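The sequence shown begins at 378 in this note's numbering and counts up by one.
No lab work stands behind these hints, which were simulated from the structure alone.
Any given hint might turn out to be false.
Here are the simulated lysine to any residue pairs, SDA-like style, with alpha carbons at most 20 Å apart [claimed, not checked]:
1) Lys542 x Met393
2) Lys542 x His394
3) Lys542 x Ala491
4) Lys539 x Ala491
5) Lys542 x Ser487
6) Lys542 x Pro484
7) Lys542 x Gly485
8) Lys539 x Asp475
9) Lys539 x Gly485
10) Lys542 x Gly395
11) Lys539 x Pro550
12) Lys542 x Ser488
13) Lys542 x Pro489
14) Lys542 x Glu396
15) Lys539 x Ser487
Computed Cβ-Cβ distance ranges for the label pairs, DEER-style [said to hold, decoys possible]:
16) Asp410 x Glu472: 33 to 43 Å
17) Gly385 x Val509: 18 to 28 Å
18) Met530 x Thr407: 16 to 26 Å
Predicted, not measured: the structure shown is a model, and the values here were computed from it.
C-beta: ideal position from N, C-alpha, C; glycine also.
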Amino acid sequence: MPDPLSEGGTARPITMHGEPVLHARCSEVTVFDDELVTLVKDMYQSMYAANGVGLAANQIGVGLRVFVVDCPDDEDERVVAHVVNPTLELPQERELDDSAEGCLSVPGPSSPVARPNRARVRGVDVHGEPVVIEGTGTLARCLQHESDHLDGMVYVDRLSTKERKRVLAEAFPAA
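Full structure from sequences and hints, please.
Shown next, in the form of structure tokens:
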């Protein structure tokens, strides 16, 4: 069932790699109010406007631990959800998937990133009610990618120095 907050809202500009808010751990959400609801709605619209499958709050310049996803799992079941104050859980026995990964904050290029093919996120919704999302395939990758954002990490931080330089040069060619 789609998240009712995925409707409405206003698209905001995507924060690009290099902006300080993307490289710092986001703060826990402590106030659950209409501003948080508006933030989540705006995050969905920002993600949709940029043709993404996931978006963390710091990707629109807000340093709070919130992300949204509209992403399929490995059985092509679409999950549309938001999570506030998520905690990522990875399986102890991991099978890695090294599919290509990209990011709205590093527009254009992608690069293989090895990640576990299963993941779970626990958190709450905008009303403080418990949320658990379990994912496989692309959804598992998305849960890990967005959780990384909330910890101040962008996917290029997981690449070799040479590959990171290539990706960043392609995304942000010198003017």
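Original post:
Which numbered hints are broken by the structure, listed smallest first?
Top reply: Failing hints: none at all.
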